[in-house]
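So the sequence lines, in the order shown, correspond to chains A and B.
Taking the numbering used here, the leading residue of the first sequence gets 1, the next gets one more, and so forth.
Taking the numbering used here, the leading residue of the second sequence gets 1, the next gets one more, and so forth.
Fair warning: there could be bad hints in the mix.
[Claimed, not checked] Short, incomplete list of chain A residues facing chain B, as computed with Cβ under 8 angstroms:
{"no.": "1", "residue": "LYS391"}
{"no.": "2", "residue": "ASN440"}
{"no.": "3", "residue": "ARG470"}
{"no.": "4", "residue": "LYS1031"}
{"no.": "5", "residue": "PRO1136"}
I should point out that these hints are in silico values taken from the structure, not numbers from a laboratory.
Note that the Cβ used here is the ideal one computed from N, Cα and C, for glycine as well.
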Amino acid sequence: MAAVLEALLREEVTAEVAVRWLVCGAQGAEDAPEEAAALAPLEPLRKEFVPFLLNFLREQSTCALPQGPPTPAKAPRASAERPGGPSTARGSGRGVRSQLFPAPAEPPAASLGEPPLARRGGGGRRRGPVRERGGRGAGGSEEGEIGDSPPWGGGWRPRGSNSPSPSPAEPLNLSNLEEFPPVGSVPPGPAGRMKPSRRINPTRVSAERSLSKPKTCFTSPPISQAPNSQPPVLDNSPWGLDLPVGCSSLQEERAMLRKERFKLLHHSPTPASSALESGLPAPSRTGSLTPEPADPGKVSCQPRLELVAIVYSSCIAENLVPSLFLELFFVLQLLTVRRMIHVEKDDLEPSLGGPLKRPLFQNIHDCVFFAVLVLEHQFQVLSRLDKGTLKLLAENERLLCFSPTLQGRLRKAYERSTAKVSLLLSPPAQAVSFQPETDNRANFSSDRAFHTFKKQRDVFYEVLREWEDRHEEPGWDFEKGLGNRIRSMMSQLSTASSHSHFVRLFQKQLLQMCQSPSGAGGMALGEAPDPDVLSMLGADKLGRLRRLQERLVAPQSGSGPCPPPTFPGWQGFFRDFILSASSFQFNQHLMDSLSLKIRELNDLPLPQHEPSDEDVDRQDERRQFASVLLSLRLLAKFLGFVVFLPYQSPEPPPTRELQDSALALRNQVPPVLDVLTLLQQGLQNHQAVLTVPWLVEFLSFVDHVAPLLDYYHSVFSLLLQLYRSLILSEESERRMCFLNKLLLLAVLGWLFQIPTVPEDLFFLAEGRPDALEGATVSLVQGLDTMPVVDQQLLYTCCPFIGELRKLLASWVSGSSGRSGGFVRKITPTSTTALGPQAPKTSQGLQAELAQAFFHNQPPSLRRTVEFVAERIGSNCVKHIKATFVADLVRQAESRLQEQLGEQQEEGGAPAQLLEALCDQICPEGTQALAQGREFCRKKGPEAVRVLLPEETSPAVLRSAEDIAVGLAMEKACAWLSANITALIRREVKAAVSRTLRAQGPDVAAQGERRGCSRACEHHAPLPSHLISEIKDVLALAVGPRDPEEGVAPEHLETLLQQLRETLQCRQFLCLISEQQLAKCSVELASFLVADQVPTLGPPGPQRLERGEARGLLQTLLSLWHEDFQVPVPLQLLLSPRNVGLLADTRPREWDLLLFLLRGLVDRGLMGRVEIETCLKSLHQAPWPEDFSEELATLSCLFLAEPQVPGPRLRACELMRPPRGTVLAQS
Amino acid sequence: MVPPISIPRPVAFRAASAPGVISLPSDSRSPPPPSRAKHDIDQGPVRGDSSVPRGCATYQAEPEEAETEVPQKHIKRTHAKHHTAEAIETYYQRYLSGVVKDGTAPVLLELANEVDYAPSLMARIILERFLQEQEESPPSKSVINSMLRDPSQIPDGVLANQVYQCIVNDCCYGPLVGCIKHAIGHEHEVLLRDLLLERNLSFLDEDQLRAKGYDKTPDFILEVPVALEGHIIHWIESKASFGDECSHQAYLHDQFWSYWNRFGPGLVIYWYGFIEELDCNRERGILLKDCFPTDLVTLGQSIVQP
């Protein structure tokens, strides 16, 4: 493969042709036949060129970048060089790639005593050994995996073929992992071992520059280097001739650079740090390492570097490299190289081998020169980075020094840029609010299921809270801490078959916590039916701020430019929850639910771009898009996690046979979510910018076998085709917006670094088919062409782009001990409610007309109309429920009351009664439709009028109103006609069962009970106080008591007076209190009748005067009669126990009882018959003989009395039979 | 007449604040009872300085029936001890021999006091044992409860009297005390409702929420949330008791967190105060107060003036 590069370096082939050859194969180079001819024999190796080039560059930069052992044992096996030597494509490809991302087999001597700068990105996602991805970029991250597993991005584990690569690359022995230290360990690496040093003063560089000869700067290497590095061929040939046209301006730029530098020289303050210049080699690793100054004048072999840079840049531009941002990162590493490990002289011998034998980067100047060249080509991308990165770039003194033009452009770009990526507060932990529509009893199969779910909901949050409190404690383990609780919860849910409910909760909570920054998550997704105040204002900013602070104080592990998929923050909880639950049912429901939601969101018609009021709508549009996209990505990530979970293993199948059998098996299984179709649709509808990012999240969890499955293989191929087709420089009206493309490139590039994604997929697949191009013909303006992606979203989706900034920042600060970064966490700025989806109409011509009507109107009109229709339709149903159905229910209730009486006599079952009732009432439901239409006709136009701009013409307004009303009616009537009967039935049943359950006279009374007169100031004693007071009196009466204990008669009177006040006020009275008061008053009456209440008179405890007792009883009678609104258990007065109180009294007092019974009858509190029954049943109790007799006498006496209430009352009063009378009569 | 007896008064557990007193906000309202401002049920003014045992401990007033028995620590600790088969048998035999001697003597009450157990709980033990003997099968809980509420239903007259005596003399447990607790709880809810109405804060109360099918219902859910001391409040729960460690943990677990799980952050008012250290979940969304806050901030307004 190196043959190509060599041919390039020898000027046999121009860079331009080479790149065309790479992209298109032989036919691409037709216009340069000779060169094509030169390349023709290399055709079989075409696909291996890019990996070779990338490896070559990394290899070449090892002396600059790795902070590993100073000199890698670079034993060039020169003899092996066979330019263009045919080798099996597989073998060499693998060989090459294997050190493209070399495993860190080298003992980490370099990192001794240093903190591992890049710890495993975000904590492993699986339980197996964690693999680091993008090790080469992450710098130092390899340390974590030594002896652990092959490196992540390293991909290219030689499968099958270990044959030594015969290509010219061989001398570098790049495939020998032992010999080569990790390449990528640069950024944190150099930074890591440097103490914070002051910012380097650019003037110093300039000063130095002035010493060198500017004229020779680019034509010849610095003298000291010249003998070693300059190949004679290059010396002789004019360097610029073969450059593509675009590069010719370089000369001008350099001229400008010189001028610029000259100016600086004269204006700049005195160099402050010139002393540092000499202190080149750092004595020890821990010692301070000042970056070596880079000097454009000291570049050793410019033409060579330029050539390589051009080829390299072109590869990047043509999307031939697997990850754009990874390459940018690499280039920035080169730009910010601090020290170069000095290359041993032997290695620099030009005589040995071809041009490739000489190191490409011989000193820092070479590195920087090369980097700046590449950056110049990537200006377009750079200029779209966030403002912070642009600033750092624009202020980079090396850049200024090597290419003032680029610096100038960057500065301008910086000044123009509005792309501030902000660091927002993450949302507070908010619970998913209870939604009666989905969560109440009606949604569960049984009471038990309902209550189980109720409990599990609480358990879930309990677990969540515990996690929140403890997951950062050292030594706390999710599984140990919560595993059992989660599993018991799962088994509860399984028994109650409530998994679907729980999964809904789980998913909503996931979205709420992990997606939305504003805490309005539910709404943002358009799922909450009504604006949900509960979740609108839940922000507890302080707590958030604190947590954020903590996060900033504790440095996050720098995960490099290719972090593995992680579950940061709350997501970790959900991931661990799934793992700990290890419940098949749960996972299945979760997959179902996630798939559904993904489809739903993916199909959401995002509003079309409206040219009229750009800013507002664009902003809105972006916000909506970001919200949907982030939700989709989150859901897809979890779906991918769960779907591929059963197949995950740290290693690929060890043998081909195992792999094949796994493939054969799994090719049978249909995919959980048909992502291929969704992707194809997405591409067709120009929605790639929506579909691809979430698909990437989904696919980032593939296991080793999955990508080889036929199905997923097609998905990956399609993605790769897309990737190749997204040429950033091709911008046109119909094409995708730049940032949209950039987003896709970033996420796809990231995906291709996932270790489970096979490497050959990228490099061996045929590039750029035209399949995708065909679709662009369509007239539909898809999302792809709208500027829906901004930097904020880009950085949110691809936080690893922020690594560029970190890298530059660490260069500036010189201290990268804290693998510091300004961009630690990017949360999306925006979530807004999505306009609710409009119902789809299909009413023939009318519908077509309506469509046509909207066609020429601003899209907002349509949105408004659809919105109004949706809301009015929905409100209509609610209106019908609240008015029409409620009326029916009331009717049903009153009919039920009537029938209940009859039914009690007949003994019919309430259930039958209910059915009959429903059958009677349901037919009336048809009227609901008419009422519903009426409602829509009334409300629809009002709403439309309010929402449309005032200048809307009357005709348009009328049409809009009509359509809105029509749609609303359609929606409402469709629902009503389908559901009204069921609704009525349900409501009636609910109401009736409520009545039946709470049956009893008191309930009926409850309605009228509440409330006292307006004038009342509620100063009456509290019911609790009264119950307590009466209880004390009762306790005294029951005993035991001290001889001197008693109650003053006046106290009893006061008590009853208070009771009356309380019963009249009613403010604080509740049913239970009143019932208890009634009962207590009856007990009190019993004790009074039995003369058992000890009174506290002046001489001591005595019995109540009979007159006093009567007075009290009289009061009680009137209380029962007038004030109590609950039934008073008066029959208790004649219960054996209370009458038995009389038995203990000597002499027995019957007159008070008689008095009381008469009072009861007179006031209609008890019927004579009732009393008679009670008295009769009293006879059955075992009494002392004499007592039975007296009781019988009393009965006779009472029953013998005349039944006319009026006169008898008086008679009773008059009679006042002395105690003796009763006894005499017995 | 029952001869006076004197049994040593059991240790009483008194709460820091007096339950049963509604301290209405200092503004317009005055303490309702005209005669006495204080009506602890274990120290009714009626009884003065009686030396007769009442077996009293303080109780915590609770609105919901389900919560009425937040058991006192002491009773809780010794609960198991009194429910062993041997203990029950001993008590029952002592009861039997006691009533055979004199059915009118406070046998059961004395027994309860002697073994330092709540009289009404002792009554329940004996009643259960009695019914078991009668019906040869353990009686259902609802039957027992119903008999305790209305001892007239107890088939044995002597036992009925004994049970009744226990109940009216118990100031911590039993249906009567439960009812008082409920009443106090309800009274405070009414008070809170009035305060909310007075401040024009619209709300849904428990009954409305239940009708809608909510599975867990705080006393009030605010239709429009308010802020208190920088914290958002969606719901308010009234607790007519003193918030101590034990009961607060139980409430958190059974109620407050459940409310948070469904409705977001909210406010708990412990009308009889609480241990200050318990108010540690503010950040998490559960605020504690001992009165109705006066400095509520409502949406679109500044401070609501009381």
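Query - Indices of hints not satisfied (ascending) - result: 1 and 3
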